Amino acid sequence: MKHCKPEAPPTDLVRIAAPDFDLLRTLDSGQVFHWHPHGAGWVGTIGDQPVFVEQRGKSLWISRGTEDVVRHYFALDHALKEIYATFPADPAMNGALDYCKGITIMQQPAWECVATFITSSLKQVAHIRQMSLAIRKAFGEPVCFSGLELFTYPPPERLALASEKQLRDCKLGFRAKNLLGAARKIADGEIDLQRIGTMDDPEALAELCKLPGVGEKVANCVLLFAYGRLRAFPIDVWIERVLREIYFRGKRSVTASRLKRFSREYFGPYGGYAQQYLFHHARKTYRTPPGS
DNA sequence: CTCCAGGTTCCGG
DNA sequence: CCGGAACATGGA
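Each residue of the first sequence is one higher than the one before, counting from 2 in this note's numbering.
Read the hints as simulated data drawn from the structure, not as lab findings. There's no promise every hint is true.
Simulated pairs of lysine-lysine, PhoX-like, Cα-Cα distance not exceeding 20 Å [said to hold, decoys possible]: (1) 178 with 166; (2) 285 with 124; (3) 178 with 138; (4) 166 with 186; (5) 124 with 218; (6) 138 with 166; (7) 172 with 124; (8) 3 with 138; (9) 59 with 102; (10) 82 with 102; (11) 261 with 218; (12) 186 with 211; (13) 218 with 178; (14) 285 with 102; (15) 124 with 178; (16) 172 with 138; (17) 178 with 211; (18) 82 with 59.
No experiment lies behind these values; they were computed from the predicted model shown.
Could you build all of it, start to finish, from the sequences and the hints given here?
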């Protein structure tokens with residue numbers, strides 16, 4: 002990140018209430034990949050808007066004028082206590098809840114979410130962050146903010162003009178073709194991300210899966226992290242591990258569709274929340290047992 | 001060096 | 001419907 006002019010962390014801040022929210026845990030939970038620590042808080046873009054956010058106890062101190070945007074993006078209106086009350090009360094879920102309390106399911110811009118999760122396949126979170134930042138730097142708009150140069154996420158129309166080689170130079174590997182294809186389908190109007198918001202869950206899932214590089218897992222991430230479908234339950238390698246080792250312990254030949262059906266029925270109306278907590282807890286604490 | 005990572009797609013039973 | 005293999009890249 003370049004310094005475009007010397008300036009300390011922003012001083013024109015306003016306070017908003019965030020009683021049950023945990024900013025650090027939320028930003029570290031593998032939903033978004035572009036926030037930078039800055040002073041005692043964080044800077045990043047929400048859409049085209051550069052924002053500073055710092056948590057002090059039950060309050061967020063944020064750039065003046067970004068109150069509505071921040072509240073929506075971080076889903077500060079989600080009633081976490083009511084959501085927790087719907088979780089199954091088994092030991093694994095209780096452990097995850099204890100570890101993840103305060104994480105919200107965010108409400109990201111749809112395209113940015115689709116694009117970053119297209120690049121996520123077979124990549125660690127640190128790599129997804131690198132690719133996301135490289136794409137912003139190469140194709141996004143620079144925004145000078147609080148002495149830092151931030152970059153917006155390029156819209157589909159912009160990436161549609163890129164070459165596959167340019168995207169590979171952002172270290173996308175085989176994902177370059179998929180991201181380019183998806184950008185083109187959306188820029189051409191063949192897929193309408195706004196209209197997907199009006200569809201029911203199964204229909205929206207099917208529509209998202211028409212994009213190259215988007216299968217059931219990525220589509221569910223997008224439904225969850227961008228469209229507020231809090232029942233969507235993405236099954237990645239971590240969640241599959243949790244399901245098999247805890248909820249299907251000792252059972253053999255458990256198929257993928259079996260896991261899907263179980264997770265849909267067992268985790269309730271906020272299954273997506275349960276999934277995110279189980280994922281984050283497992284990813285942060287899992288160690289392969291010695292000798293196996 | 002080997003293993004694996006917030007998968008998708010294609011191909012053969 | 002199911003399992004297997006290919007696909008790029010870099011951190012552990």
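**Item:** Hinted pair residue 172 and residue 138, Cα distance within 20 Å
**Value:** This hinted pair holds, its Cα atoms lying about 13 Å apart.
**Asked** Does residue 178 pair with residue 138 here, judged by a C-alpha cut-off of 20 Å?
**Response** 19 Å, holds
**Asked** Keeping to a limit of 20 Å between CA atoms, is the pair of residue 285 and residue 102 held or broken?
**Response** 14 Å, holds
**Item:** Agreement of residue 124 and residue 218 with the hint, judged by alpha carbon distance not exceeding 20 Å
**Value:** Roughly 14 Å between the alpha carbons, so the hint for residue 124 and residue 218 holds.
**Item:** residue 166 paired with residue 186 [C-alpha distance capped at 20 Å]
**Value:** Roughly 19 Å between the alpha carbons, so the hint for residue 166 and residue 186 holds.
**Message:** Check the hint pairing residue 172 with residue 124 against an upper bound of 20 Å on the C-alpha distance.
**Reply:** 11 Å, holds
**Distance restraint between residue 59 and residue 102, which requires alpha-carbon spacing of 20 Å or less** = 13 Å, holds
**Straight-line alpha-carbon gap residue 3 to residue 138, limit 20 Å** = 11 Å, holds
**Message:** With the threshold set at 20 Å, check whether the alpha-carbon distance from residue 261 to residue 218 stays at or below it.
**Reply:** The hint holds at about 11 Å.
**Item:** 20 Å Cα cutoff - pair residue 82, residue 102
**Value:** It holds: about 10 Å lies between the C-alpha atoms, which stays within 20 Å.
**Asked** Has the given pair, residue 285 with residue 124, been kept, meaning a C-alpha gap of at most 20 Å?
**Response** 16 Å, holds
**Request:** Quickly compare the C-alpha distance for residue 178 and residue 166 to 20 Å and report which way the hint goes.
**Result:** Holds, at about 9 Å.
No hint from the list above goes unmet by this structure.
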